Amino acid sequence: MTVLALLFIGGLAAAGTAWALPRDGAAARVALGGGLLALALMAILAAVSATPTADPDATGAVPGTAFNGAVVPGGYLRLVVVLAAASSILMCAIAWLLRGLPGLRGLLPASLAALVGTTVALGASTAQLGIAAAGATGLVSIPVLLATPRPGAAGVAAREVRIAVATALVVLAVASVLPLLVHLAPASTADGAATAGNGMAAVVAFGLLAVTLVVAARVGAIPFHVRVSALTDTAPDGSLPLVLVWLPLPLAAISAGVVAGELAPLGLAVGSAQALIVVLVLLATVAGGLAAAFQDDLRHAVGYLTLADLGLVVLAFAALDPAATAWGPARTWLLTVAVTKTALAAWAAVAEDRYKTRSVPDLRGWLRPSPPLGLALVLIVVATYGLPGWAVFTARLDLTRLAAEGPLGALLLVASLLTLPAYARWLWLGIAAPTSRVDGGTPELLGLRARMARPARLPRPSAQRRGHEEGLPVEQESDATPLSKPTTTARPDLVSTLPAQPSPARPKAHRVTAPLVQPGLFDLPDGDSALARDAGSPRPAQPDTAASMGPAPARHAGDARANAEMGDARAVIGVGRRARTPGGPSGSSAITTPRAPGASKALPSALLAADRDTADRAPDGEAADGASPDGLAFSRRRGTPSGPDAAARAAASLRRHRTDLLSAAVLALALLAALVASGVFGVSAAACEPTPAVPAVSCSQG
Amino acid sequence: MVTPVLLIVAGLVVAGAVVAVAAPNPRHATLGAFAAVLLAGLVADPLPSAAGLVARLAGAALGGWLVWMALRKAPSPAAHTSLGWAGSAGVAVAAFVIGWLAAAAFAGALDDAGASASDFVGQTLAGGSLVDRGAIGVAAALGVLAAAPLVLPRDGHRLGLGVLLLVAAGGLLTSALGGSPDDTLELALALLTALTGAAVAAVTSAMLRMGGDLILRDALSREPAVHHRAADEAHRGAAG
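Heads up: the protein sequence lines correspond to chains E and L, in order.
7 is the number of the first residue of the first sequence in the working numbering; add one for each residue after it.
51 is the number of the first residue of the second sequence in the working numbering; add one for each residue after it.
Since the hints were derived computationally from the structure, they do not count as laboratory data.
Small disclaimer: the values here were computed from a predicted structure and weren't measured.
Misleading hints may appear alongside valid ones.
Derived coverage of chain E by chain L (criterion: at least 3 residues anywhere in the stretch with Cβ under 8 Å from a Cβ of chain L; other residues may be distant) [stated by the list, open to error]: (1) 134-147; (2) 159-168; (3) 176-183.
Just so it is clear, CB atoms sit at the ideal spot from N, CA and C, and this is done for glycine as well.
With the hints as constraints, model all of the structure from the sequences given.
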């Protein structure tokens, strides 16, 4: 009953969200809430579902199962559903913060449908049913890919249809033949002819290689990696983990069960096939690790890391000793890779959004303004490799040990660690001197930095103290060109400023710290690194050669817009305007900064809509002073009690804390991955539980 | 009486698959694939239960209808196999014969092992069922015909039809080797067919919407995201 309820809720919510999310408005918001609620409900139902009894009741139904015993919830299934649902909720939150409701049009329904398909696939009482469900689950990637207007999405989706269904059908064919081979095997081995040259062994080896190749293709292992590159380019932000990891998981897990439960017990010598599998995995792992290390495209590097780790599960097909199959370690490995790579993809998506680049070299210095993201990456690395005694550590050792003994096994183990240089490179780059792209990103923990900056408040230049524009965010560039005096604008409340230009020959820049230390009063838009630097960083502001050597820097908002239109995001950083803050002193100011063109696309539409709504309701019609070059409002007067509704206030609050929320979500995913990898949730034991499809199989664990 | 009818149906399935691959007009190809997928559910010995049969037919009808509806704005000529009608038919017949003979050999081996006397999967095949042999032959024909659009796809719609043919082949193989599937497996296969049809329809619609045709253009080229460096690389020394 519980499983049926889970399937019903998931199916209904998937259909509902798929219908409502593209319609925007209230229907989309309701669908968003309902979809997330359904995900949570599914996780709860999976967690509380009882272990089914073995015998049917008086009516012939098997309690605790669905479809009269066809779908049986086991411990591994429960764990997968709970972790997948938790990951999906966090990924949906990240996608919403990155792209708004449009970012969820494909992702949320697909996540729900994937959970339904995964439940049926992993709980199936027969391999055939599970494989059919796994094939259908793979099709969930289509709405995700087609939800993006990126060119070539339809072609990539067509290839995904092919890979999802064709791989499942090959495994289905092998799984259909294997039960018949069980009856042929005794006749074949009666005279002790169970050798590699035996015809029966050749058939088994052919089936084994077929399953191996299609699973390798499904997970994208090299040399089947070309579609992974296309996927990383095409999949919308936040949906890569679902497409790359969670959707192939059911087929890979079931295939491991087919090999361990039906093929390994035949006990036929297929050593050459096993050696081929080991060589394939060795090459794929080495190539994947090296490609990730040298790849300059962050998304592609994440894809290579994913396929390198996920491809290791193919080793389970080389462990054919009936007394020690790799079924349990393979399922443990699959689940840990799924959660760790989900966190990694989330980290990459947030880093790309924050610094507006996916070029790894351009991300140099990312760790300095983003300590929580750095902590998340460290956690992801720890969860990927584990510590002695951890589930992921043991699973990696078991997979390599059971697939090949001796030096070859050791070589496999070393090869599986070749993904480490990619992480090391990112961390090393992170602590280096930042590029201006990184400087242009919004630092994390801005409120904390601002509070820390209060004692370091600098005295104002004398010219400022004498001036009428008390408290203006103005800096002096040099004595000869006193930029501290604002240029005249049509509106006296609009002024401009420049990024700090420290020089020994110049007077110290006036730092605008007072407004920033009053959280809640000011709108701190994304990309305002100059403010953050001034507010919180002890080091002097970096000179901006491009700004100082280029055309005359912007002096007022109109120039800032012009610069933004020219695509020079760096030039507009620090160029802001002042808005009154009714809650503060009359002379205090808040700086808001126009964003670079295109950056508006990263803002959730709901938040922008909330901005427009609030601006429209402003009593004096002055609030919407932050029109960006593309016509979207990015800044507005804050704190005006003009009656904005609670949703708008909440949206504005989320917008203020968007950067920190994204980091928190990534950190939560990384923490979840570390917990799963450590074995806290009992993943190893759950992975070794017998299932109706694989009732009796030895499970080797460390 | 039933066996000859089912063998005729098996022939119709192969004919439909040939149309799906060789017909230049995408609508004709869709009709061929629809016929193949719909009739493939009937080639089984013993026949599935009524509920299972209805599920399979409904899944095939839904999948085929969705693909048909997606073709409303499709251009008439589209990429098709370069083998032509005769070539495609020849390949299909050859694959059917090979599948039939392989099934016969397999059934003989099973019979020698005493499998036909025991109650286990594949009993009917070991017992010499012509329908099961025909089903395996049809599965082989569908698999071979689907290989070209699947391996070397030039047309997204035709690739989808190849996937649908493969789904039908999988169902045939399952029923021939494993005996008549239970209702749950029939339902799962029906859902897989319907969902595959829906996915093919979605892809076809998207291709027509985005590109105006069904040609599968290379979407694997990299975006220029990392081909340029930020101009501010010059600030490395200053920032350090």
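Which constraints among the numbered hints does this structure fail? Numbers only, ascending. none
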